[in-house]
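Those protein sequence lines, which keep their order, are chains A and B. Position 35, counted from 1, in the first sequence is what our numbering calls 35; the numbers after and before it change by one each time, with no gaps. Position 2, counted from 1, in the second sequence is what our numbering calls 2; the numbers after and before it change by one each time, with no gaps.
Be careful, since some hints might not be right.
[Claimed, not checked] Only pairs whose alpha carbons sit at most 30 Å apart, straight line, appear in this in silico BS3-like list of lysine-lysine:
#1 A:Lys171 <-> B:Lys68
#2 A:Lys157 <-> A:Lys144
#3 A:Lys155 <-> B:Lys68
#4 A:Lys164 <-> A:Lys94
Everything labelled a hint here was simulated from the structure, so no lab data went into it.
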Amino acid sequence: MILTGNEIANQIRSGGIVCEPFEHEHVNPNSLDLTLGNRLLRYTREPLDPRAEAEVEELEIPRSGVTLPGLTFRLGCSHEIIGSNHFVPIVHGKSSTARAGLFVHVTADLIDIGSVGRITFQLFATMPITVYPGMRIGQVTFWKPHGAIDLYGGKYKGSTGPMKSLSFRDKFWGTL
Amino acid sequence: MILTGSEIAACVRRGEITIEPFNHDMLNPNSYNYRLGEQLYRVETSADGDRARRIPCPLVEGRWLLAKQQLYLGHTLEVIGSTHYVTSLIGRSSMGRLGIFVQVSANIGHVGAIHRWTLEIVTAHDTYLYPQQRIGQISFWTVAGAQRQYSGWYGRHNEPMLSKGHVEMQLQAGGERQQPQEPPEPLAREARRGRQ
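Please work from the sequences and hints to get the whole structure.
Here it is in structure tokens:
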């Protein structure tokens with residue numbers, strides 16, 4: 001089951017969901033808006049290799065915004081620190097950014113229960129778009145889990161900004 | 001409701017969810033990591049978009065190099081599905097952060113479809129991928145209402161399948177026919193007939 005906006009606000013007040021800072025006007029009927037933090041990461045060298053640490057360049061988004069060229073990829077983050085030990089968050093775009101052709105994730109929308117931090121947006125622009133710090137770029141829904149809960153303890157725990165892929169740290173590469 | 005990792009494991013034990021082979025290390029708090037299968041195809045379409053073919057991608061030094069902004073079809077190494085829960089096939093954040101799409105907005109698996117799932121892979125950068133690497137996650141959702149099991153064409157196949165909307169193009173002379181036997185009535189042809 002998906003939580004209503006009213007229940008999301010109740011859970012934030014009672015501590016069942018973390019959202020820092022919390023603005024009541026970001027509550028929608030079944031979701032909570034996320035705003036864009038002021039940092040972006042860009043991969044500087046191709047081809048990318050999930051077994052190797054990728055080089056990134058960090059950019060600050062000025063108040064006047066930054067234009068993402070068409071068909072480019074950047075990592076951004078939510079300004080809000082978000083998460084829950086009781087509900088499963090799922091990230092979505094805002095219809096306004098989607099109508100401008102901007103993906104906020106590339107099929108990895110599920111946040112692990114117990115992961116609390118700034119959400120990394122996987123920004124893929126299908127056409128040029130200017131993004132601004134603080135713009136409402138995405139939204140998050142919260143879903144009731146079924147079964148015993150094991151909390152997330154993975155490598156992106158407690159993110160404070162956009163985090164590049166850490167897949168090169170995965171232990172399974174040695175077994176392939 | 002979405003199943004937690006421990007509930008996914010319990011359902012596998014009870015036979016309500018199939019994940020073959022199943023490995024406890026692949027469980028996440030609310031999903032299971034699946035691996036990339038051994039077959040990868042580049043999809044090439046005709047200029048009018050009606051016809052397509054699959055071109056096998058060769059492994060070079062144990063990996064594939066995918067060109068950005070190009071559609072590839074791969075598959076899950078695991079046979080996955082459930083007669084009780086709805087499967088949602090999604091990416092892993094470690095792959096999403098590299099700009100790797102593993103499907104193109106069709107995440108829902110029908111109840112009753114148990115097979116190796118076709119992955120629609122598009123990358124934002126030129127990117128290496130490895131057979132058997134962990135590439136995505138699946139989550140399972142409880143349902144409400146009377147169940148009807150899926151028995152469609154895609155659910156009967158374990159290898160990357162072209163869209164039924166395409167009429168399959170033959171490979172150049174000497175090439176083998178790529179689509180398996182008994183191809184369905186192509187959607188495009190049906191649509192044209194509908195307009196007549």
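Hints and how they fare:
no.	hint	result
1	A:Lys171 <-> B:Lys68	holds, 27 Å
2	A:Lys157 <-> A:Lys144	holds, 21 Å
3	A:Lys155 <-> B:Lys68	holds, 27 Å
4	A:Lys164 <-> A:Lys94	holds, 23 Å
Checked against the numbered hints given earlier, this structure breaks none of them.
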